[in-house]
Amino acid sequence: MTSKNSFWASSKENHKRRIWVWIITVLAQLMMYVGVLTVYLSRIRRWNVEGVYRTREEYQNALYQATKDALAFQDNLMPVLIVLAVIIGVQGFSYLYDRKKVDMYHSVPVDKNKRFAVVYINGMIIYLTAILASLLIGVIVAAVQGAVNGEVMAAIGLGFLWNLLFFMVVYHTVVLAVMLTGNRLITLCVTGMLIGYEPVLYDLLENMQYSFFETVSGFYVTHIPKLSVLYDYNINTWNLKQPEKVAVLAKVMLPYYGKWFILAVVLLIAAWLCYRKRPSEAAGKAVAFVRVEPFLKVFVAVPIGVCLGMWVHSAAYGNAVLTAVSMAGGGVIACAAIEVIYDFDIKSLFKHLVSSGAAIAAIIFIFLAFKMDLFGYDDYIPSADKLESIAVSVDYYGQFWDKEYNYVGASEFSEEHMHLQDVEPVLILADKARQENVEDMTDARIINVLYRLSSGRRVGRRFYVDFDNPVNEALMNRIVGTKEFKEGTYQIMTDQDSFADVTAMTYSNGATNVALPAQDAQMLREAYVKDMEKFDFTLAINNRPCGRIHMNFPNWFGTDLDVYDSFENTIAYLQSKEAYYPVELNAEDIADMTITNYHMELYENGDHDGEVDPLVFNSAVAAEASWVSGYADEGDTIVTETFTDEEDIAQIVPHIYPAYLSAAWNHSGELDDNYDIYITFKKDTTYPYDRSQYGVYYKFYTGQAPEFVEEATALDAGEE
Amino acid sequence: MIEIHNLTKTFEKIKAVDEVSVTIKDNTVFGLIGTNGAGKSTVLRMVSGVLKPDSGTVAVDNMPVYDNVEAKKKLFFIADEPYFFANANAQTMERYYSGIYENFNIEEFYKYLESFNLDKRRKIGTFSKGMKKQLALLLGICAHTKYLLCDETFDGLDPVMRQGIKSIFAKEMEERGMTPVIASHNLRELEDICDHVGLLHKGGVLLSKDLEDMKCNIQKVQCVFTTVEDELKALNGIDVIKKEQRGSLRTFTVRGTREEVTARFATVDTVFYEVLPLSLEEIFISETEVVGYDIKKLILG
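Chains as they are written, first to last, in my numbering: chain P, 1 to 720; chain X, 1001 to 1301.
Hints should not be assumed to be uniformly reliable.
[Unchecked claim] Taking lysine-lysine and the DSS-like style, the derived pairs with C-alpha atoms no more than 30 Å apart in a straight line are:
| # | chain 1 | residue 1 | chain 2 | residue 2 |
| --- | --- | --- | --- | --- |
| 1 | X | Lys1052 | P | Lys112 |
| 2 | X | Lys1013 | P | Lys100 |
| 3 | P | Lys100 | P | Lys226 |
| 4 | P | Lys285 | X | Lys1243 |
Derived by calculation from the structure, the hints in this document are not laboratory data.
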């Protein structure tokens, strides 16, 4: 028999007052697990009937994946978990908001710690019972339909732990918020603040850096929220849904489990300490601890003011005065609003001017720090002796994957694989960029750099390098020509294993599409890696690829390998397979060439005198083209002419280059965006052009469009 | 015994209780009187362990009460607006309190409920204010704690119910030495219940005395003296608190026992004299006037 005053007796009593929370939690979990599972499985069955799945195994795998998607890692679960954590946490400790309830609960002979434990544990019991019951029913439903195996069960276990820890962190945050406040509405605000403060701060910081600084690297992201479960959950749930082995998933998730568990424990201890210290008279007040009020005000008002200022900054095209005024104004409004909330009294608008002043001062300081770059963000270049290594990214963003064929971002790959030890050329280029004006560069390109400092700190920056500058060419060769650079830029340089898994290979010179035997992938890789030894900056900017090898890997991954004329080993292999064709076409194989002249000169000579950032030249051109194209819908600026005469074609062929092979490295102005050339090959030709395409798309080298083409596509050509 | 020593509590710069020191003896009915805002509820909330004093101490049977389960086991606090669970009935509340107070007398509770015509299954939310106070009192009495702290609990009870509760108090005090502490803003509410009264004003204690002591040591004498000399002789050495005169009729409020005062007036030549008992109200008026307060304004309205 349980003692009258035992933990379980108290727990039972407490549950009697939480029946509606039980009902909501159980229904929500049943809907999210069993309901969603039922929908997923029925969808898979319908697709099977419709013949979507080619084999029994494919259908079976879809069933397993559906069960995993519903019961292990679900995209839509996060908001539900947050709402449940808020309901369970707030309802459990809601007596603290009401003086009448506090008078009763705090006068009865029940140990304070025991009461906290009872309410807290009951909250966990409600959640755990609901989720376990829902999962059990879900597993039974899935098992009946043959959609469960050991792997699925293990994934469900991992997912359960993932969601449980997430719930615990949010639940503990809510409990802490309840302890810090005396009113439901304020609790919700503080919960939102505690959960979202870090990601919002990071977003704000990033936004300000992009707005005020020029050297912000969007490629190497060095600022990510470290304690935000929202961020972690959002970023990872999609990855976790991928059809991977559970052991792999567990490895990925383990650090998060550890981090979240520690976070949950810390939050719970903080909540308990606040509970111990919380005065009973806090019931009904906005903030439970008067001493916290000024700090809370500053912490909330500063980001609000800065946010408002940044919104105005973007709306007012970077007007500094308006930005500063709106930031400070936003801070004043936020401080006043917070004071009103504290006292629930409109007359309190301008109370506690010292803390309001501190908030405004902080806002102004932040504005000045960014506007005047007080901390030298844009001037930052570490000294060589403080650097451990550097990673550099130059204009190349391929597709990357890991051993399990999970997606890996280009920056992530570069960060992991590139460790340049010769840091001097990078530092010299960074210093030159600091001193040079981008407007004076003839071919300015962005270089993203990740400085790895000996202290363990990582700093990402970007700067401009003029690819046309011979001094830079020498420096760039010292970067691009290194083994470290190639290993951090091209997966083929280090990844031998994947090439055993190549599912298909083709070679194209821009017009052709010749299949290569997939089993030769390793051999081809070796040839290519050997040729890549010669690859450096000079080769990359002075040569256009003569062809491209495309390889398919499992899980829809693929890679393109540019082939240059000097890649003799690769070309030898291609020739041995009769796959190699020169980049210049043979005029006899071509039936016709349809050339479109966009007449961009109309726009370039127009009102818009082109304050175009050379770094965004391509997009600017594209924008212009689209503008012209829009204008052309009215039918007066785009002129298209089809050339069928063999002589005409023979004259055009030496001056064109396949758009497919447009390389990132080359001079941006080398191909003429004013013209599009569509080539149709003769039906009876033996030339292995890509027959899956309607036409093959080419460009003129800049300034090499023959005169007769210009005349034929001139605006007044039709009138003559 | 509840010992309150130099108790102080401030809410947002407002001193609700200022250095209050009072001793509540066992087995007496202690009345805590004061105007609204005098600090009665705050004192009771500190005594019951709800609020933590800023300074000073509260000891229940020599145990500090704040955060002390053992001390709290000895008392039951009925707030001015007692809280009952949503949709609860008397039975629900009994189950809750009987789970907390080890000596809760369930049988007695239902017996009292019946005596007071309170339906145990009726939702408390449908009870009148007076019925809720009765229920709270019955729960408090049946919890069988040594101290029962009632904050304005008697205000609004009809005379029949008041009498009923009074008899239960008397019974419980006799049987198990219960000590009720009753806070009220109305002196007349407490007159027939309390043994000891503490008067609070603006957070401080104006006086704290046994009612019997007060009644025994203060007398009202109506008298007509034969001569002025007789008057001077009679009053010589007597502590006169208040003196009124209507024609030749003198009315004195004096300190001393009835016997002492009667003996003194018997020694002088009077046309007539009579020693009269004082109501609690009159005693308070006299006592507080001495320390410079107008009690009529404070608690009698």
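Structure-inconsistent hints, enumerated in ascending order: 3 and 4
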